[in-house]
Amino acid sequence: MTRRRGLTVGGVLVAALLSGCILEPVTDSGRDVASLYWWFMLAAAVVFAIVIGLMAWSIIRFRGPAGRDAPIPPLISGNMALEVVWWALPVLLVAVLAFFTIVVLGRVDAHGEDPDVTVEVTGYQWGWQFVFPDTGVVVNGTAADPASLPLPVDRTIAFEIHSADVVHSFNIPAFLIKRDAVPTRVNRFDVVIEEEGTYGGQCGEFCGLLHARQLFEIEAMSGEDFDAWLAGQEPSEARLMPGASAP
Amino acid sequence: MAEELRTFLRAGLWALVAGGIYLFFVGEAAGTALFAAVIVAAVAFVAVSAAMAPRSLSGLDEGSPLGRLIRAVGFGEPREPDPLHGEPEVVPLASPWPIVTAAALVIAGLGLVFGAWLLLPGIALLVIGGIGWLTQLDRVG
Amino acid sequence: MTAVERPAGAPAQAGYEHGHVHEGIVAWLTTTDHKKVGVLYMAAALIFFAIGGLMSLLMRAELAAPGIQLLDLGTYNQLFTMHGTAMIFFFATPMVIGLANYLVPLQIGAPDVAFPRLNAFTFWLFLFSALIVFGGFALTTGAAAFGWYGYPPLSTATYSPGLGGDLWVMGLFLSGISSILGAVNLIATMFALRAPGMSMFRLPLFTWNILATSILIMLCFPVLGAALAMLFIDRNLGGSFFTDAGDPIVYQHLFWFFGHPEVYIIALPFFGVITEIVPVFSRQPLFGYKAFVFATILIASYSFSVWAHHMFTTGAVNNVYFAITSFLIAIPTGVKFFGWTATMWRGSIWFATPMLFVVGGMAVFLIGGITGIFLASPPIDYVVHDTYYVVAHMHYVMFGTAAFAMFGAIYYWYPKFTGHMLDEGLGKLHFWLLFIGFNVTFFPMHELGLDGMPRRIGDYVESTGWGDLNLLATVGTVVIAAAVLVFAWNFLSSLSLGKPAGDDPWGGHTLEWATSSPPPHHNFTRLPPITSDRPVLDERLALPERTGGEPVDPKTSGEEPLPSRSQEDRHHG
Chain A
0 MTRRRGLTVG
10 GVLVAALLSG
20 CILEPVTDSG
30 RDVASLYWWF
40 MLAAAVVFAI
50 VIGLMAWSII
60 RFRGPAGRDA
70 PIPPLISGNM
80 ALEVVWWALP
90 VLLVAVLAFF
100 TIVVLGRVDA
110 HGEDPDVTVE
120 VTGYQWGWQF
130 VFPDTGVVVN
140 GTAADPASLP
150 LPVDRTIAFE
160 IHSADVVHSF
170 NIPAFLIKRD
180 AVPTRVNRFD
190 VVIEEEGTYG
200 GQCGEFCGLL
210 HARQLFEIEA
220 MSGEDFDAWL
230 AGQEPSEARL
240 MPGASAP
Chain B
0 MAEELRTFLR
10 AGLWALVAGG
20 IYLFFVGEAA
30 GTALFAAVIV
40 AAVAFVAVSA
50 AMAPRSLSGL
60 DEGSPLGRLI
70 RAVGFGEPRE
80 PDPLHGEPEV
90 VPLASPWPIV
100 TAAALVIAGL
110 GLVFGAWLLL
120 PGIALLVIGG
130 IGWLTQLDRV
140 G
Chain C
0 MTAVERPAGA
10 PAQAGYEHGH
20 VHEGIVAWLT
30 TTDHKKVGVL
40 YMAAALIFFA
50 IGGLMSLLMR
60 AELAAPGIQL
70 LDLGTYNQLF
80 TMHGTAMIFF
90 FATPMVIGLA
100 NYLVPLQIGA
110 PDVAFPRLNA
120 FTFWLFLFSA
130 LIVFGGFALT
140 TGAAAFGWYG
150 YPPLSTATYS
160 PGLGGDLWVM
170 GLFLSGISSI
180 LGAVNLIATM
190 FALRAPGMSM
200 FRLPLFTWNI
210 LATSILIMLC
220 FPVLGAALAM
230 LFIDRNLGGS
240 FFTDAGDPIV
250 YQHLFWFFGH
260 PEVYIIALPF
270 FGVITEIVPV
280 FSRQPLFGYK
290 AFVFATILIA
300 SYSFSVWAHH
310 MFTTGAVNNV
320 YFAITSFLIA
330 IPTGVKFFGW
340 TATMWRGSIW
350 FATPMLFVVG
360 GMAVFLIGGI
370 TGIFLASPPI
380 DYVVHDTYYV
390 VAHMHYVMFG
400 TAAFAMFGAI
410 YYWYPKFTGH
420 MLDEGLGKLH
430 FWLLFIGFNV
440 TFFPMHELGL
450 DGMPRRIGDY
460 VESTGWGDLN
470 LLATVGTVVI
480 AAAVLVFAWN
490 FLSSLSLGKP
500 AGDDPWGGHT
510 LEWATSSPPP
520 HHNFTRLPPI
530 TSDRPVLDER
540 LALPERTGGE
550 PVDPKTSGEE
560 PLPSRSQEDR
570 HHG
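If you read the sequences in order, they're chains A, B and C.
For the first sequence, position 185 (counting from the first letter as 1) is numbered 184 according to numbering that gives the first Met the number 0, and the numbering increases by one without interruption.
For the second sequence, position 57 (counting from the first letter as 1) is numbered 56 according to numbering that gives the first Met the number 0, and the numbering increases by one without interruption.
For the third sequence, position 145 (counting from the first letter as 1) is numbered 144 according to numbering that gives the first Met the number 0, and the numbering increases by one without interruption.
Source of the hints: derived by calculation from the structure; they are not laboratory data.
Honestly, I wouldn't trust all of these hints.
Said to hold, decoys possible - Covered stretches of chain B (chain C as the covering partner; in silico rule of three or more C-beta atoms under 8 Å from a C-beta of chain C):
| hint | segment |
| --- | --- |
| 1 | 16-30 |
| 2 | 107-116 |
Said to hold, decoys possible - To give an idea of the interface, some chain B residues facing chain C are shown, with a C-beta separation under 8 Å as derived from the structure:
| hint | residue |
| --- | --- |
| 3 | E3 |
| 4 | T6 |
| 5 | L33 |
| 6 | A93 |
Note that beta-carbon positions come from the ideal geometry of N, C-alpha and C, so glycine has one too.
Please take these sequences and the hints and turn them into a complete structure.
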């Protein structure tokens, strides 16, 4: 009974695992992150298989009788050579993983000197404001009416992230990145979106009552469509963070 | 060398190593200050206890300075395998003062939130609890 | 080598043995006996575990489907704040201190902790401060609702007015004082009160882990206290440490300089529990005692250099430094896994309930440890930080230790605490319900997190498609609740109905099994000779009739016993 239930649940979990493993990148740095993630999954699967395998084998093979007065097998309290091996194995593993991590981290955190589009993002309780500083165009959103931000594909976009009050986090799951909006500081990350589409975003750092409602979305469109949209907008002075990072 | 001194020396030495790397590669103030605080705490602990019980430094008077340091913080079996042979503080099996003093401290803390009408009784009870605690052994003994 | 006799009323205590000892509730309110204080700690911790669990049931009910079902967002925010606060500060930490209180003096052969009244004081201070934190629920403005980590500026009076926040700050500050004093007491006990022959490298591994934990508490809780004091000044006295004139990031540094070691304050003692239970039920000594000690010390040391991996996305810390130090923790943790497995290898494993729980705990913790390596990599952390992936990771780590290993500890030591056995059948039912319910609840959260579902949200939009897995998680939570009810029934009914335990029902290795169950005041009437880290096993093996064959000499079993010294040497060595 227990075993059959275990198998059913196990099947559901394996299905969940497999479908959940898929990170689908839509940005340039997202591709690096997704492949790093796959390397980690591979290492994790190997480690999991080895450790669980050894544990399961020793439990099955060396099962003894119950009771406190059962005979005691010969005692073994250590083996230097084995211990050296299993100090060395994790050292090797984490050295490799750390190396790939640092390489990918450098690419994800890279800032171009001259991004094609700069967007000033301001998180506030509870919504997002987006400003294109070059043209003065402002896109506002609130908890009741979340912002929808048009952006071009295949251009380098720099997000400069501010907070008007508490700590928020500018988080677009499809881009495989987030960055906190911290009062007193400006954060930045750069992406090139590679696929057109609508990508939902949501505050990633708990920020008070309506945190769950602090949504926005990004509409990635072709460069021409974006230019046409931008040209049709009026500049606005209604900024939450006036001149926080004027070029 | 007494085991507790070695333990705190190790903690301080670890903070020195990790903090040194942090200062060198990161150079950020908050973390460096925290590592420095751990070092200061460890050194202060070792200095005070060594001053109070000079015997706890025994076994450190031979060999080169490096050898002495390694013996002090290393993980070899201590030269004195046995503990200090202390006894617990001698107390009755029951004492009302811990619960009274804890309640007093919490009332005083609530006083900081709610105002002087709680703070003053809290402090008064804290004094009573402290006196009761400290004089209890005199009366029973 | 002769057994060391310690009469029940050692001369120093004689005067007090005759004093009037209260019975009933007054005895519990005024006790200074480390065993009673330990029981109080554990009982209170289990009650807070139940309260925290009820909060999670409410939260899971709300999240079972998109839209608002049961709770408004403000109540949800209070619930997850208080769930985290309760589980970390008022369940896991006091559970550790309670177990340590009861077991450390027994394992080192001491009559009590070093400062018995301070011990009672720390318990009452912890209990009262927990009550004032929960007192926030009685206010019209509600309890604290800014997360268990209380980041400013959200936690300042501007954005979180109301006394609930002040009670939270004050309560945690006072419970921090309690933890520090408790750690001081345990450290003094372990250094000063070990029985003759109990050198540092013969300390049981649970005690070693408690020593490392106590040092972590002593070094990191003062930092929390400082951060909370500054936050209190910001909230009430017009300070600006963490707001406009100051820097909110400094609070995050201070909090996580405490907060990451805190994870190990919870995990290490339960590693110690696993390390005690696995050898006993494998009928083997621990494989690589010194490697375990060294790994414990390394984990404790590293835990002080990784704090800002909680801050990778702030853009304010050096992510490379903290990624590397975080990866390093995998090494000693991996070594512990190999050591546990090697202890079972060539053993003769008795699958009693405690063993079942710790093996289940190891499997659960393994998954939490592996996802921890993912999170230590900043590019991956950028994806899943503050999502349900972290909720899953953290619960795999915490359940593996503070739930599975904790229940293993209760099944293992309950006979010692009460003199009665817990029911094995109910114990196994409890395990399987918990194991299945836990995985059904938390495994799907990995996928929710990778799919972008942020944590700490009381509601989500239907179009996200997160509904199905959330419903599954909610169903799992109900199974966990059923498991806890089975445990509660087993725990309470066995107090009177459980089979009598005897001194040593499991064939234990360490000194707590050399005294009666429950132990008398001042613990021991007689101590076996201590020549290794498993004195009770050594003594059992020296009696040929117990093993049914050749006595096994510990001297030939692979570990050199330490040279013994006479009583005279010990005093003046």
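TODO: Quick one: which hint numbers does this structure break? Sort them smallest to largest.
DONE: none
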